[in-house]
Amino acid sequence: DTGVSQNPRHKITKRGQNVTFRCDPISEHNRLYWYRQTLGQGPEFLTYFQNEAQLEKSRLLSDRFSAERPKGSFSTLEIQRTEQGDSAMYLCASSSAWAENTEAFFGQGTRLTVV
Amino acid sequence: DQQVKQNSPSLSVQEGRISILNCDYTNSMFDYFLWYKKYPAEGPTFLISISSIKDKNEDGRFTVFLNKSAKHLSLHIVPSQPGDSAVYFCAASAGDDMRFGAGTRLTVKP
Chain A
1 DTGVSQNPRH KITKRGQNVT FRCDPISEHN RLYWYRQTLG QGPEFLTYFQ NEAQLEKSRL
61 LSDRFSAERP KGSFSTLEIQ RTEQGDSAMY LCASSSAWAE NTEAFFGQGT RLTVV
Chain B
1 DQQVKQNSPS LSVQEGRISI LNCDYTNSMF DYFLWYKKYP AEGPTFLISI SSIKDKNEDG
61 RFTVFLNKSA KHLSLHIVPS QPGDSAVYFC AASAGDDMRF GAGTRLTVKP
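Chains as they are written, first to last, in the numbering used here: chain A, 1 to 115; chain B, 1 to 110.
Bound-form chain A, shown alone (with noise of 0.2 Å):
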């Protein structure tokens, strides 16, 4: 295991269209965040999973974003109708919840163009 992957690494994408991230997390992590930076900000946190439960949302998460961890293991992240606000790198990270206090391991992002 060599750590967390995300997919693709770059996505340009015209207004209007939908674009889905993929996360795979450290094998044995059962938590798996996804945050948002945009630049000259610190990630600002979107969403939260712990096994296949998303157990807290962002108010930045609007109905537009959707994300998914369906076996508690990958996990996705779908923004429809993509607005150019939305041009941002996209982080996902992992941690165990078996620790008390543990860090998160991130993976090295997927930067998002909307043009």
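For the record, the hints were derived by calculation from the structure and aren't laboratory data. None of these values were measured; they are calculated from a predicted model. The reader is advised that the hints may include incorrect statements.
Cross-link-like lysine to aspartate or glutamate pairs, in silico, DMTMM-like; alpha carbons within 20 Å at most [as the list claims (entries may be wrong)]: (1) A:K11 - B:E42; (2) B:K5 - A:E44; (3) B:K54 - B:D31; (4) A:K11 - A:D86; (5) B:K5 - B:D31; (6) A:K71 - A:E52; (7) B:K68 - B:D97; (8) B:K5 - B:D24; (9) A:K57 - B:D97; (10) A:K57 - B:D96; (11) A:K71 - A:E28; (12) B:K5 - B:D97.
Place chain B on chain A using the hints.
Below, chain B without anything else, positioned relative to chain A:
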């Protein structure tokens, strides 16, 4: 609602000197604090952490200090090396919730 703040967007230090990166937080429920380092085109990588029951944690050249009463933490890098040049994010968590600061870009000059 920015619960974790890094007020210095950038810091420049000379190689061999100490780098001090600062972070403030507002949520007293945070009980675990982390520093991440990020290079361009890569995701953040974990650097060092500290639990709220401690006030200092050291790992090689990196030391994190926590002042709970001031809701302040800092990362000291000594001696600084050019390879330390990156963006450093402070993060704080309460249970499953992890929030990040906006980052400080550290440049270490040879």
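Now for the hints, and whether the structure bears them out:
At roughly 15 Å between alpha-carbon atoms, K11 (chain A) and E42 (chain B) fall within 20 Å of each other, so this suggested pair holds. Proximity of K5 (chain B) to E44 (chain A) is assessed by CA-CA distance (about 13 Å); at most 20 Å being required, the pair is judged to hold. For a cut-off of 20 Å, the pair hint linking K54 (chain B) to D31 (chain B) stands: about 10 Å separates their Cα positions. Distance check on the hinted pair: K11 (chain A) and D86 (chain A) sit about 12 Å apart at the alpha-carbon level, within 20 Å; holds.
At roughly 16 Å between alpha-carbon atoms, K5 (chain B) and D31 (chain B) fall within 20 Å of each other, so this suggested pair holds. Under the criterion of a C-alpha separation no larger than 20 Å, the hint pairing K71 (chain A) with E52 (chain A) is consistent with the structure, at around 6 Å. The suggested pairing of K68 (chain B) with D97 (chain B) holds, with an alpha-carbon distance near 18 Å, which does not exceed 20 Å. For the hint linking K5 (chain B) to D24 (chain B), the alpha-carbon distance of about 5 Å falls within 20 Å, and the restraint holds.
With a CA separation close to 11 Å, the supplied pair K57 (chain A) and D97 (chain B) stays within the 20 Å bound. The suggested pairing of K57 (chain A) with D96 (chain B) holds, with an alpha-carbon distance near 12 Å, which does not exceed 20 Å. For a cut-off of 20 Å, the pair hint linking K71 (chain A) to E28 (chain A) stands: about 13 Å separates their Cα positions. Straight-line distance between C-alpha atoms of K5 (chain B) and D97 (chain B) comes to about 16 Å, which keeps the hinted pair within the 20 Å bound.
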